[in-house]
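Q: The residues making up each chain are set out below.
There are 2 protein chains.
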Amino acid sequence: MKISTRGRYALRVMIDLAEHNSGEYIPLTDIAGRQEISEKYLESIVSMLSKSGFLMSLRGKGGGYRLTRLPEDYSVREILEVTEGSLAPIACLEQPTNTCPRASVCKSLDMWQGLYDVMRDYLSGISIADLAADTMEPGNFII
Amino acid sequence: MKISTRGRYALRVMIDLAEHNSGEYIPLTDIAGRQEISEKYLESIVSMLSKSGFLMSLRGKGGGYRLTRLPEDYSVREILEVTEGSLAPIACLEQPTNTCPRASVCKSLDMWQGLYDVMRDYLSGISIADLAADTMEPGNFII
DNA sequence: GTAATTCCTACTAAACCGGTAAGTTATAGG
DNA sequence: CCTATAACTTACCGGTTTAGTAGGAATTAC
Chain A
3 MKISTRGRYA LRVMIDLAEH NSGEYIPLTD IAGRQEISEK YLESIVSMLS
53 KSGFLMSLRG KGGGYRLTRL PEDYSVREIL EVTEGSLAPI ACLEQPTNTC
103 PRASVCKSLD MWQGLYDVMR DYLSGISIAD LAADTMEPGN FII
Chain B
3 MKISTRGRYA LRVMIDLAEH NSGEYIPLTD IAGRQEISEK YLESIVSMLS
53 KSGFLMSLRG KGGGYRLTRL PEDYSVREIL EVTEGSLAPI ACLEQPTNTC
103 PRASVCKSLD MWQGLYDVMR DYLSGISIAD LAADTMEPGN FII
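Those protein sequences? They're chains A and B, same order as listed.
For the first sequence, the numbering used here gives the first residue as 3, with consecutive numbering after it.
For the second sequence, the numbering used here gives the first residue as 3, with consecutive numbering after it.
Everything labelled a hint here was simulated from the structure, so no lab data went into it.
Just to be clear, a hint being listed does not mean it is correct.
Below, in silico cross-link-like pairs of lysine-lysine (DSSO-like), each with a Cα-Cα straight-line distance of 30 Å or less [to be verified]:
hint	chain 1	residue 1	chain 2	residue 2
1	B	K53	A	K4
2	B	K4	B	K53
3	A	K4	B	K4
4	B	K42	B	K53
5	B	K4	A	K53
6	B	K42	A	K4
7	B	K4	B	K42
8	B	K42	B	K63
9	A	K63	A	K53
10	A	K42	B	K4
11	A	K53	A	K4
12	A	K42	A	K53
13	B	K53	B	K63
14	A	K42	A	K4
15	A	K63	A	K42
From a predicted model like this one, the values you see are computed outputs, not experimental measurements.
Required output: the full structure, derived from the provided sequences and hints.
A: In structure tokens, the structure reads:
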């Protein structure tokens, strides 16, 4: 029940880009250097963000990555959902991909759905701009 | 970010024992049969529950397992914490075991702490009796 | 053309997950 | 005391995921 480095690093990349949101492309070397994360590993993570439309990229000299939206228009939830695959605590909740044969008799399913909802609601209410501003308190976003 | 079979099966065992809470010891064979889970695998899961004091056990003929408390006195949270190890979404929150060197500069830490709190609050409010009764609706326990 | 940069594919060591197998110890009933 | 039952213990194992590493191809600015 852990968020992997993929999701955590993705958030750090997004925060870094929000902090250097000048309109210019930021090369991955810079981000990797500032965040002290392997550039090669970051490549695979940034690739997901790029393919999902969260980032624009430009190859070659003067190239790099930049945000496609304002920092306040990215929710932590959507970043994590793309990099982690899904935030569902159990696979049975990933409809319609997954259909558990026990669903009709499962006494825990509604409890899991409730947990999923609580997590998504919380993470939907936090933006990359909120993280970059670093003015959060643990209880701030329990809406 | 998934709850493993250990946690899910543990809940099913607890629900099963709540439904057969006659005061007698219930052999694991019965539970495994009803729940259609490998008895051998369940052994390792039930062992955790027993060592944590959630269950009493008796060996030999007439033996088995039974609850040590009333079903309403077990929260889903404590069952999952024992079987999953911890519900913390990132290791940095597992104090004092883990101390991340970036904690002082980490812009996401409070956000993760908030997620952890939201999850624990939700799961603390649901008991094994609630699950056994099967009267839950997804939104019921967002307190 | 050259340097910078993203993009793509393949590989790998270690950890974790979901079990299986075999045998040991304790208990109840006859 | 004997036997069946059932918990307990230890060891093992194949598959998947995680967290990277490596090497090169394609693209762009100057």
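Q: Each hint should be assessed against the structure and marked as holding or not.
A: Hints, verified against the model:
1. B/K53 - A/K4: holds, 24 Å
2. B/K4 - B/K53: Within the cut-off at roughly 24 Å; holds.
3. A/K4 - B/K4: At roughly 8 Å apart (the allowed maximum being 30 Å), B/K4 and A/K4 satisfy the hint.
4. B/K42 - B/K53: Roughly 17 Å between the alpha carbons, so the hint for B/K42 and B/K53 holds.
5. B/K4 - A/K53: Roughly 24 Å separates the two Cα atoms, so the pair holds.
6. B/K42 - A/K4: The given pair, whose Cα atoms are some 27 Å apart, holds under the 30 Å limit.
7. B/K4 - B/K42: holds, 23 Å
8. B/K42 - B/K63: Distance of about 18 Å is within 30 Å: holds.
9. A/K63 - A/K53: Judged against 30 Å, a Cα distance of about 21 Å means the pair holds.
10. A/K42 - B/K4: Answer holds: A/K42 to B/K4 is near 27 Å, not above 30 Å.
11. A/K53 - A/K4: With Cα atoms ~24 Å apart, A/K53 and A/K4 stay inside 30 Å; holds.
12. A/K42 - A/K53: With Cα atoms ~17 Å apart, A/K42 and A/K53 stay inside 30 Å; holds.
13. B/K53 - B/K63: holds, 21 Å
14. A/K42 - A/K4: holds, 23 Å
15. A/K63 - A/K42: Holds, because 18 Å separates the two Cα atoms, which is no more than 30 Å.
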